[in-house]
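*Asks:* So you can see what is in the structure, the chains are spelled out below.
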Amino acid sequence: MLDGASTAWTELSSKARLRWIMALTLTVSFCSIVYELMLAQCLSIILGNTILRYSITIGLYLFSMGMGALGFLFWNKEKSPQLLFVIEGILSFIGLVLPFLILGGDQFLRETVFGSAPSNVFSNSFIWLPSWIFVHAVIILVGLLSGAELPILMELARQQGGEMSAQRILALDYFGTFVGSLAFPLLIYESLGLVAGSALVGGLNAIAAMLILYLYKETRKPLRHLLCVGGIVCTCVLIFHEAALRKILMEYVFG
Amino acid sequence: MANLTTLSVLALFTSFASMAYELVIAQTLAILTDEVIWWESCSIGFFIAATGLGVFLYEHMEKISLTDFFMKAEILLALVGLLALPFIFFLHIVYRIYIVDYLAHGHLSKPLNWVMFACQAPNLFIGVLSGFELRVLFELIENKTNGQNTRSQIVILVIYHLGALVASLTFAVFILKKIEPFQLAFFASLLNGAVALWCLKTELSSRFSESLSSVQQNVQQKPQLRPALCQLRPALCLLVLASYGIVQWGWGPLKELQIKNFYFNNVKATMNGGVFEKTGPIGLSKIKSWADQQASVQRHFTAYQVVDVVPDAKDSEVWKLFLDGHFQFSSDTERFYHETIAHVPIMITGKVPENVLVLGGGDGLLARELLKYGDRIRQIKMVEIDKEILELAKSLPFSTLNASSLTHRRLDISIADAFTWLRQSRNQFDAIYIDFPYPYTFEGLRIYSTEFLSLVARHLSKDGFVIMDIPIFGAGDPNWQDHVSSLLARSGFPKVLAFEGGYGETFLLGVTRERALPFAYKDLGIRLETLNQKWFASEENHLELTHGSTKDVNSILKPRRISLPDVWK
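Chains A and B, in that order, give the protein sequences.
Per the working numbering, residue 73 is the first one in the first sequence, and the count goes up by one each step.
Per the working numbering, residue 31 is the first one in the second sequence, and the count goes up by one each step.
It cannot be assumed that every hint is accurate.
[As the list claims (entries may be wrong)] DSS-like, lysine-lysine: derived pairs with alpha carbons at most 27 Å apart:
1. A:Lys-319 <-> B:Lys-581
2. A:Lys-289 <-> A:Lys-151
3. B:Lys-492 <-> A:Lys-319
4. B:Lys-231 <-> B:Lys-102
[Claimed, not checked] Derived coverage of chain A by chain B (criterion: at least 3 residues anywhere in the stretch with Cβ under 8 Å from a Cβ of chain B; other residues may be distant):
5. 90 to 98
6. 116 to 125
7. 149 to 156
8. 243 to 257
9. 264 to 270
10. 276 to 285
[As the list claims (entries may be wrong)] Non-contacting residues of chain A with respect to chain B, defined by C-beta distances greater than 10 Å in every case (computed):
11. Leu-84
12. Gln-113
13. Thr-184
14. Phe-206
15. Lys-289
16. Glu-290
17. Arg-296
18. Val-309
19. Phe-312
20. His-313
21. Ala-315
22. Ala-316
The hints are simulated quantities; they were obtained by calculation from the structure and are not laboratory data.
We put the CB at the ideal spot given by N, CA and C, even for glycine.
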């Protein structure tokens, strides 16, 4: 069944393929900014002072995005689809587990590093440090991966429709970011919450990864199909069991 | 033509300035509207989208030369960045005078948010100009290297993004060092001005060389002098310089005007001969002379909030405390609040607690009340996030009001985020007093979440109680009371009693196990000024909250609301 479908997809015209790349761009840029805003929100949950957390996250995000875009310059352009698949896969995984990773990771680090130590000035003053480093490292990682997405998509579009298409991709990337920045406070955070919201965005990344598999024959491997399907199934589970999972996370972190 | 080092410095300056403007605009809007998440998110979205737009529009812009175009962009950026905050403050003044009352009677939710959308105009403009900057920098480096040297382009790209990071870190330092955000915008504008001056110098020297060579080639021909000088570019630079002076001089009075307008220039309703008369607010034409007659508001920036000490318009002895523009207490009526929160729970539970935890309460007024019990309360632990508010409360006029409670030997103060402190602490307390501002923003809702209250329940001893203030009675969201009941029940408080203080505030008393909570006056052996038996006799001022039926209670992982409904503001 997969083979039949994949034959049809590989026979797509350049125009149709370009349209899918544009949809891909819109999706991934939307996801990237939502991840960053979610990370800023998680930071403000852990450490307080929301304005400060958002400001630092935005600066780190823009910087690491630039570095991610730079990194692509040193990558073999012929393997762009494979790299894009890997990036989407990692981002999807981060999205699916984001609140568990950040809040659970924070609790785990606090307990592991300082939990058994006797209460002293050092442990009281620096208990936040390991998780602070960890959360900021995740922000940088997401920024780096998101930054690399854009030049890859521009390169893929260029291959289909020349420089003009690459410029369209750039425009869509900015538009996706804009939509994401409005969707997070208006729809995602209040309506879905962090657990279901990040799962939804992770699911979108998994769908994007699946689309890459269908668009580029060279990326296809059975395990990759399985991972994409697994990502989408996990998204559904996380969204439908959001309340129960939130309770588990809450009990682990806040007792 | 500029070398790589010069271009790197230009890239750093320009990206730093643009990012600094965005951060300052977002923060100012967040504070003015109480919508931190909303404005932080959408400001960065607008900014990035506008930068993309600028990158595209660049192709369609008419350019005499690259440096000339760059200079124009920098001059505009310096001006827009410099005037953005005065514009926002001016718009806020106009909103308070002409719009707030009009919109308050309509059905528009959060009217200030809609009005403040106009403040995204400078943000958009800055974004577009930043897009131009990026393209110019790349063209300059391409011209220098004839499009061959990718390494130079990479260096510029890295430094441009580094500028954004440096700006956000500088902004963080400004917040933590309590420096006014306007100073960062002013500094950023100076950087744009410096870049514009560099462009002017480059443009002039380039024009001069062109003219000179043309004169040398053909002595008969009149030199084609179309230097930047003739096109008033230096005049524009002078305009920017003059703007620095004007804005720096005018910022103080504008800020004071905005503060006074916010606190004093309201609609006043009076009864005149049986007729209800409405006066005010003072219009823009008379506001300057009106403001000069008003007493000054003492404003303090802390790392967490803006603290205003506002003198009473009628009585010079009376003053009020506002945090981020929200009323906290008035020096003449605060005892109604603090005596109620401190002593009523002890009367109801019938036992003076030995170990007490106070979360918040940095003004020292609750501590003043608790210290009245002497040695009966063995230890009072206070956790306050804001060091500056504690320092302020140790000085006049606070220290007179709180009887210097914060320096008392039995009070142990930790400067920490209450959430973090509770997660870390293993201690148990007989009473936990939560004395935070109302949850106007997410920051506030974070501490009125089921996660926070569960932590509080975990730190209570078997017969311990928690007392907190949260709006319950009155008009507004009909589901709110049910929501609060559910929130407390799910956080480990099966029995909750709500009661109204003498001045209209609502308090919630929660215990971790079912037991009787008789609402009756009891002599505690201490001097009280506002609490009496008559007040307790009323049937209407207390209510036992039954387990609510709300399924989704407020959680930091899924907030029921990012901020309180308008009705509570």
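*Asks:* All hints are to be evaluated individually against the structure, with a verdict given for each.
*Replies:* Here is what the structure says about each hint:
Of the supplied pair hints, the one linking A:Lys-319 and B:Lys-581 holds, its CA atoms being roughly 13 Å apart against a limit of 27 Å. For a cut-off of 27 Å, the pair hint linking A:Lys-289 to A:Lys-151 stands: about 12 Å separates their Cα positions. Of the supplied pair hints, the one linking B:Lys-492 and A:Lys-319 holds, its CA atoms being roughly 24 Å apart against a limit of 27 Å. A distance of roughly 13 Å separates the Cα atoms of B:Lys-231 and B:Lys-102; the hinted pair therefore holds under the 27 Å criterion.
A count of 0 residues in the region 90 to 98 of chain A with a Cβ less than 8 Å from any Cβ of chain B is obtained; the coverage claim is therefore unmet, three being the minimum. Chain B is given as covering the region 116 to 125 of chain A, and this holds because 9 residues of the stretch bring a CB closer than 8 Å to a CB of that chain, at least three being needed. Given as covered by chain B, the region 149 to 156 of chain A fails the check, having 0 residues with a CB less than 8 Å from a CB of that chain where 3 are the minimum. With 12 residues having a beta carbon nearer than 8 Å to a beta carbon of chain B, the region 243 to 257 of chain A meets the requirement of three or more and the stated coverage holds.
Counting residues of the region 264 to 270 of chain A whose beta-carbon sits less than 8 Å from any beta-carbon of chain B gives 5, enough to reach three: the coverage restraint holds. Under a criterion of three residues with beta carbons nearer than 8 Å to beta carbons of chain B, the stated coverage of the region 276 to 285 of chain A fails, only 0 such residues being counted. Distance to chain B confirms A:Leu-84 as a non-interface residue, since its nearest Cβ pair spans about 27 Å, more than 10 Å. A:Gln-113, annotated as away from the interface, has a beta carbon of chain B within 10 Å; the closest lies near 7 Å.
Here A:Thr-184 stays apart from chain B, with its beta-carbon at least about 14 Å from theirs, past the 10 Å limit. A:Phe-206, annotated as away from the interface, keeps every beta carbon of chain B farther than 10 Å; the closest lies near 16 Å. The beta carbon of A:Lys-289 sits about 31 Å from the closest Cβ of chain B, which is more than 10 Å, so the claim that it is off the interface holds. Separation of A:Glu-290 from chain B is adequate, the least Cβ-Cβ distance of about 27 Å exceeding the 10 Å criterion.
Consistency note on A:Arg-296: stated as away from chain B, and its beta-carbon is indeed over 10 Å from all of that chain's, at 31 Å minimum. With a minimum CB-CB distance of about 17 Å to chain B, A:Val-309 clears the 10 Å threshold, and the non-interface call stands. Every CB of chain B is more than 10 Å from the CB of A:Phe-312 (nearest about 15 Å), matching its label as outside the interface. Distance to chain B confirms A:His-313 as a non-interface residue, since its nearest Cβ pair spans about 13 Å, more than 10 Å.
Against the 10 Å criterion, A:Ala-315 falls within the reach of chain B, whose nearest CB is about 8 Å from its own CB. The Cβ of A:Ala-316 lies farther than 10 Å from every Cβ of chain B, with a closest approach of about 12 Å, so its non-interface assignment holds.
The structure is inconsistent with the numbered hints 5, 7, 10, 12, 21, although it conforms to all the rest.
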